[in-house]
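Asker: Protein chains in written order, with my numbering: chain A, 2 to 250; chain B, 2 to 250; chain C, 2 to 250; chain D, 2 to 250; chain E, 2 to 250; chain F, 2 to 250.
Bear in mind the hints are in silico, worked out from the structure with no lab data behind them. Be careful, since some hints might not be right.
Because identical chains share one entry, a pair is satisfied inside a single copy or across any pair of copies.
Unchecked claim - With a cut-off of at most 20 Å between alpha-carbon atoms, the simulated DMTMM-like pairs for lysine to aspartate or glutamate come out as follows:
1. K203 with D226
2. K27 with D9
3. K85 with E177
4. K110 with D246
5. K27 with D80
6. K27 with E82
7. K61 with E212
8. K158 with D108
9. K27 with D187
10. K27 with D39
11. K110 with E212
Now for the letters of each chain:
Number of protein chains: 6
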Amino acid sequence: MTDTLRADGRTPGQLRPVTIERGWSKQAEGSALISFGDTKVLCTASFTNGVPRWMTGQGKGWVTAEYSMLPRATNSRSDREAVKGRVGGRTHEISRLIGRSLRAVVDFKALGENTIVLDCDVLQADGGTRTASITGAYVALADALAWGKERGFIGKKAQPLTDSVSAISVGIVAGEPMLDLAYVEDSRAGTDMNVVVTGGGKFIEVQGTAEGAPFDRDELNTLLDLALIGNAELANLQQAALAQDLAGE
Amino acid sequence: MTDTLRADGRTPGQLRPVTIERGWSKQAEGSALISFGDTKVLCTASFTNGVPRWMTGQGKGWVTAEYSMLPRATNSRSDREAVKGRVGGRTHEISRLIGRSLRAVVDFKALGENTIVLDCDVLQADGGTRTASITGAYVALADALAWGKERGFIGKKAQPLTDSVSAISVGIVAGEPMLDLAYVEDSRAGTDMNVVVTGGGKFIEVQGTAEGAPFDRDELNTLLDLALIGNAELANLQQAALAQDLAGE
Amino acid sequence: MTDTLRADGRTPGQLRPVTIERGWSKQAEGSALISFGDTKVLCTASFTNGVPRWMTGQGKGWVTAEYSMLPRATNSRSDREAVKGRVGGRTHEISRLIGRSLRAVVDFKALGENTIVLDCDVLQADGGTRTASITGAYVALADALAWGKERGFIGKKAQPLTDSVSAISVGIVAGEPMLDLAYVEDSRAGTDMNVVVTGGGKFIEVQGTAEGAPFDRDELNTLLDLALIGNAELANLQQAALAQDLAGE
Amino acid sequence: MTDTLRADGRTPGQLRPVTIERGWSKQAEGSALISFGDTKVLCTASFTNGVPRWMTGQGKGWVTAEYSMLPRATNSRSDREAVKGRVGGRTHEISRLIGRSLRAVVDFKALGENTIVLDCDVLQADGGTRTASITGAYVALADALAWGKERGFIGKKAQPLTDSVSAISVGIVAGEPMLDLAYVEDSRAGTDMNVVVTGGGKFIEVQGTAEGAPFDRDELNTLLDLALIGNAELANLQQAALAQDLAGE
Amino acid sequence: MTDTLRADGRTPGQLRPVTIERGWSKQAEGSALISFGDTKVLCTASFTNGVPRWMTGQGKGWVTAEYSMLPRATNSRSDREAVKGRVGGRTHEISRLIGRSLRAVVDFKALGENTIVLDCDVLQADGGTRTASITGAYVALADALAWGKERGFIGKKAQPLTDSVSAISVGIVAGEPMLDLAYVEDSRAGTDMNVVVTGGGKFIEVQGTAEGAPFDRDELNTLLDLALIGNAELANLQQAALAQDLAGE
Amino acid sequence: MTDTLRADGRTPGQLRPVTIERGWSKQAEGSALISFGDTKVLCTASFTNGVPRWMTGQGKGWVTAEYSMLPRATNSRSDREAVKGRVGGRTHEISRLIGRSLRAVVDFKALGENTIVLDCDVLQADGGTRTASITGAYVALADALAWGKERGFIGKKAQPLTDSVSAISVGIVAGEPMLDLAYVEDSRAGTDMNVVVTGGGKFIEVQGTAEGAPFDRDELNTLLDLALIGNAELANLQQAALAQDLAGE
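If we strip away everything but chain A, and leave its shape as in the complex, we get (with noise of 0.2 Å):
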């Protein structure tokens, strides 16, 4: 790998400049405002105590997700989903990948009846937004959970988090793999992955596309370790972010 082949200075195998402002919203049970580089994520964890209906009685809470886009998050103005009457494929398949991601980092057991939504609005993008909404919605499902514990909806000694979850993508550029492209070095892009990993450098969801040439066992391992290299890095900043105390707490 060549050290200066990308737009932003960053080696290959280079994150962006990630920050997490915990606690940004004052409604939201756990909040986090997320940045990989100019994509901008406002995370949030709404906590109710009770389950959906269908769920009632069998002493299991439930997690579940929601991303959207402003519409001016992108370079060119994108008609409200509101508007058009209908969520697109691309939102629903998001929303999906963001709810079974954090579901697998909780014990629904030791969570109890109790329901958490997060949601992940994209205020600003370029490129990686789904990767930056699980590693943020992860931090605010943290708060929540804390919140939901201090005021005893949660038992005192039930660990509903079984592990940290961040994702990252990874993709192969002018034959380069390369780890978290901007929008510029998606677009270009022969092969795309995201890659859903815990804490503990397991694998929760990989999903990887051809976008032009299909691609092989070789590289498909290259992204693989690159991926597993910048989640160790992003479950380092989530547990800083969570280590710190939060303002007005």
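Given chain A, put chains B, C, D, E and F in place with the hints provided.
Answerer: Relative to chain A, chains B, C, D, E and F alone:
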């Protein structure tokens, strides 16, 4: 008026702290993140050269606006309008108000055949989201017009803005007329009025509603007096924000 | 003011001929076909014993309203909102205005756990459809309340109406303040205001909009004066209509 | 047949009182407020010079129809289809029936490239709304065609109407064949049939449905006989209405 | 009638080859893949113990139907109704016809509080999809009822079916009355009629439409004669199909 | 691996019986009814000369796909998406996957300005509906391309297919890696992966999801090995199906 009536220590005629972060978005031609206390609205202005087909060839431009709230902007989570598949009446009403208010200070001949879409997305709500939206949208609009002028889409000597515009809420809470109601005040207000005013102090829109008892002419007059004072202050803040250099330009 | 300014020969402060056909519908508990000149609105009030589930057990009733226009009420045909699959912003806004206006004169405790839905369907439109709707809906509401009392759904001594309510439009056309604008006047109006007033002469709603140039305090005051005069006349007409015996009762 | 069977005193083969208020609407090119007893339908015909794009250049016109009921046309209020966001099956079915029925008496070549939209809005319903709609829509259509001829959109010698068209319901109630069912009869009918017939006595549409027991050939024949008698009477009433001078022309 | 008029060599009074693959679906309680020539419809009957809430406690069941076409069932592809977000008028109309037709041969008391949903999905269309749907749905319904009886949801001695039901189209093509129109014939038919008949030869539904010229009483009678012959044949085919052992039972 | 683990007697690495009925539809330019055991999907390819407006003039074609399930394809009936008025997230996600997968083996320059829509309608579902869809859609696509070549819409020497494509699911059930999961296995799988592979053995899409516990690199590798074996077999079956003469051509 007593000075110590309000929960946050304000006098009845005092605005909440107002901040305007101009150029918040790297993607939009104009943008402002505006706060009225804990109410935070991201306003973007999207500039498009050209107008909708039905307006072509008239030498005139168009300005339109859309307002929305993030699902967890408020104290309890609301369902997304995109998920419900329809835009609600309140959203429609406020979108239309913002559009009318901004159009009132635009000379469409001077704008030429260009279209500007204003998006006001409430990131956090604590009362006054529509008035903050109008006030912030003006700043975003001004910057988008400057952008269009620099690129030659608007004539060099054209003055598409005829004045500035801002808006503030006033209301009678527990018998006391007050400026810039926070949510807790708004929900207790007997009469609630939103007043949109030009920088020159003329009315663009007056919307007064008796939530409890009907109001009389004197109360109406007192509220209008308060609103004119508040809007004059907002006009100064807008002017100050627009006088600064935009970072990164 | 000159006396001969208006297309239909009215003086600036003169209402169009107003007729109220009470009990037009054999099906509804209360109804009125109201005309303001060529504007004709069929107002029905549907009385239901009981309230929506979220209100049960509070001993209070509810009043709500829906407004709509027949597709060919206007000079050129509009698509039906049912066919488009969504209620438009203007329709939503007016429905909400009618609901708020009528609720302002109802004592929900006295109404008891009963629900009244007001439907205002514009059969023919020539300006002032929302003001005719409010004025006619009051008559339909009064009859539906009488119906509910006769059948014992409302207590014998209960007074669910605290006052009457009517509405009229005023505006500045070619520099001249005018009452009850017909469509041709409305579309030329620089300022347009809808004023909802109780029988007692207090304000329920004031909605003034600068369609052209912003308006000043003096103009606002002149318009409010005109509106109060017009509404006083409407209150008399409502009273007269309600004083008659209902055919077929 | 006994003479005194029916609630309103009609004989089995007798129509309800039918009235046709031609030119009810000042806005539409043709209109009729038609009553079959307490069933009242406002029919408007909107004339547009030109045809939908997919028909352009063929020298032929088009006629289409939309049917709807006001929410409180019936004994208990129905939700608006616009509010539900979709047109119901029954509405669709009747709109299509009206359109087919009217198109059957139009010569599209003689109409030329003009479009007519028929709107049938039921203001009050007491059975037979679809048959009253067809019968009234014919009058509105005839007037709209005359309007188009006067203004030169239709050739001077063109005869776009090949015949008149009317419709009536027939049914077997308590074993007795009856003409023009009121709602209370319709809901008890074992067999229910709507028959659309030209002025010349030929069938355009026959829709017979066994609501209770299946029906045999004899019953079918008796019902068709009744329907032809009723439609002949309606054809006379249409002719009489169209023979009068239109007020205000 | 000449014998050699039709494209596929049929005589005017001859059905296309009809096949009924009973038990096609492993998932549904009753099913049939029915062919009328190249028209192929998959009919499934879904049996649910219980009825919708509004029917509970009356000791009666319910039968309903939904019809749909695959997007490429026809010669040119249609947009999916799910993608368009609304069910079209034709689909609604046919779904309602199928439901009414099948309900006409069901004794709801004998069915008990059970619900059967009939789904008729057109896999390939060549005219007569609604008549094939009704004819096939009857077979699926009979099997679902047998299924319910075996499992004790329907009383042992109950006879929920009062008769069989089938349907066929008839029409006048180039002046010649014909049975079971294929698409190419249907699109040229001057009059088109769908006739739903019980096994006992009585009418459930007669829907005749003049597509071109209106039709007279004689033509109507000839068409009804043809339809009764065709339906008698279909009733035999249904009986034969139901007489066979179901594979895998 | 033990050989007798699976309900249907398969070994862990064994596909279910796969059948491909090519040319099932008389209407579509290409079609295949494909079965993976009890999963049956009707795949049609609709060929249109021309491309959407936004692609015109670039000399390139387009391929898109839509997936849907009949309401009673599954063990319990689902509501139709057309009736619900919106396409669900899962449907969207799978439609997009099928489209991407097929596009990956198409050379759009060689296709020329032609559009192919692939419809995959699940008639019966027993796990693996998306993989059967992709595998069958390839056969339909190949036939539609041949159709387009014969008619001269595609150049004589053009090779629009760069490879074949198939897909298979793999998963870890009760600790055992398995190929081609039936529904009962899929619902018990801890990890579930869909792998789309070219005939040449390269990856087009890898979608692995931890339904229960996260998975590690070794498990991922074992699953990929299995998937490559299964897809090689499917590629042979596709080739064999395409080698046969199409009936009726």
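Asker: Checking against the hints above, which ones are violated?
Answerer: The structure breaks hints 3, 4 and 6; every other hint is satisfied.
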